[in-house]
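Peer 1: Sequence:
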Amino acid sequence: MIVLIGFMGAGKTTVGRLVAAKLGLPFADSDQVIEQRTGRQIRRIFAEDGEPAFRDLEHSVIAALLASQDTVLALGGGAPSHPVTRSLLAGLPVVYLRVSFAEAMSRVGDDKGRPMLARPDIRSLHAQREPLYASIATLTIDTDPLSPPDIALKVLEGLRLAWIVLLAGAWKPIHALRYCSRDHDRRGMHAGRDDARLQRRLQPGGKRARRLRARRA
Numbered sequence: 001m002i003v004l005i006g007f008m009g010a011g012k013t014t015v016g017r018l019v020a021a022k023l024g025l026p027f028a029d030s031d032q033v034i035e036q037r038t039g040r041q042i043r044r045i046f047a048e049d050g051e052p053a054f055r056d057l058e059h060s061v062i063a064a065l066l067a068s069q070d071t072v073l074a075l076g077g078g079a080p081s082h083p084v085t086r087s088l089l090a091g092l093p094v095v096y097l098r099v100s101f102a103e104a105m106s107r108v109g110d111d112k113g114r115p116m117l118a119r120p121d122i123r124s125l126h127a128q129r130e131p132l133y134a135s136i137a138t139l140t141i142d143t144d145p146l147s148p149p150d151i152a153l154k155v156l157e158g159l160r161l162a163w164i165v166l167l168a169g170a171w172k173p174i175h176a177l178r179y180c181s182r183d184h185d186r187r188g189m190h191a192g193r194d195d196a197r198l199q200r201r202l203q204p205g206g207k208r209a210r211r212l213r214a215r216r217a
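Residue numbering for the sequence shown follows the numbering used here, beginning at 1 and increasing consecutively.
There could be a bad hint or two in this list.
Label-pair distances were calculated between CB atoms; the ranges are [stated by the list, open to error]: (1) Ser147 / Pro52: 28 to 38 Å; (2) Pro52 / Ile122: 16 to 26 Å; (3) Ser100 / Ser135: 14 to 24 Å; (4) Leu92 / Gly24: 16 to 26 Å.
If you are wondering where the hints come from, they were derived from the structure by calculation, not from laboratory data.
Think of the CB as a built atom: it goes at the ideal place given N, C-alpha and C, for glycine as much as any other residue.
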């Protein structure tokens with residue numbers, strides 16, 4: 001299971017489809033699944049039931065998706081605001097596609113299918129959600145200057161390193177790694193060095209490999 005999060009316009013659905021195709025996994029968009037299961041558009045659910053009711057519905061759909069087969073799953077922008085949804089994401093590879101407010105607005109335009117665009121505090125909402133996304137992400141990618149294929153490639157590169165860390169028995173350190181375009185040279189260099197170090201440790205004669213063999217014995 002790979003989960004993509006981020007503000008509207010970050011490219012979660014487009015990038016998610018590309019990543020899923022590369023990995024040979026199915027893809028799901030939680031908003032699209034909600035519309036399919038309810039027979040109503042998201043904006044209509046907001047208008048008729050209100051946002052709190054929508055968030056509860058959204059959580060139940062996401063919980064079901066997370067309990068199903070391995071999937072590349074794109075979540076709606078507000079999904080991580082539900083505390084129980086956040087708890088379900090703990091321990092999963094969660095990719096935060098970060099987008100600036102200006103870039104997000106230029107991408108979504110005046111899309112009538114996005115009810116959150118009608119909020120007068122949309123800019124402050126973006127600012128409020130950024131630290132929330134970052135707090136649950138295992139991988140963060142700045143998307144502003146990148147095309148969807150480039151973003152997908154960075155997701156795959158980051159996940160490759162994440163799996164190396166997981167095999168080394170140290171999943172948590174991946175939380176400290178951020179693939180961000182703004183400081184790609186500095187952080188990418190450190191990430192590459194950590195990647196090489198972990199690969200050496202996993203080689204047949206490495207310390208980590210010996211420990212893993214000892215555990216299996």
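Peer 1: Taking the CB of Pro52 and the CB of Ile122, does the distance hold inside 16 to 26 Å?
Peer 2: Given a distance of about 18 Å, which is inside 16 to 26 Å, the answer is holds.
Peer 1: Given the hint of 28 to 38 Å, check if Ser147 and Pro52 actually sit that far apart at their C-beta atoms.
Peer 2: Holds: the Cβ-Cβ distance is about 37 Å, inside 28 to 38 Å.
Peer 1: Taking the Cβ atom of Leu92 and the Cβ atom of Gly24, is their distance within the range 16 to 26 Å?
Peer 2: holds (19 Å)
Peer 1: Do Ser100 and Ser135 keep their Cβ atoms within the hinted range of 14 to 24 Å?
Peer 2: This hint holds: roughly 19 Å between Cβ atoms.
Violated hints are absent here; each numbered hint is respected by the structure.
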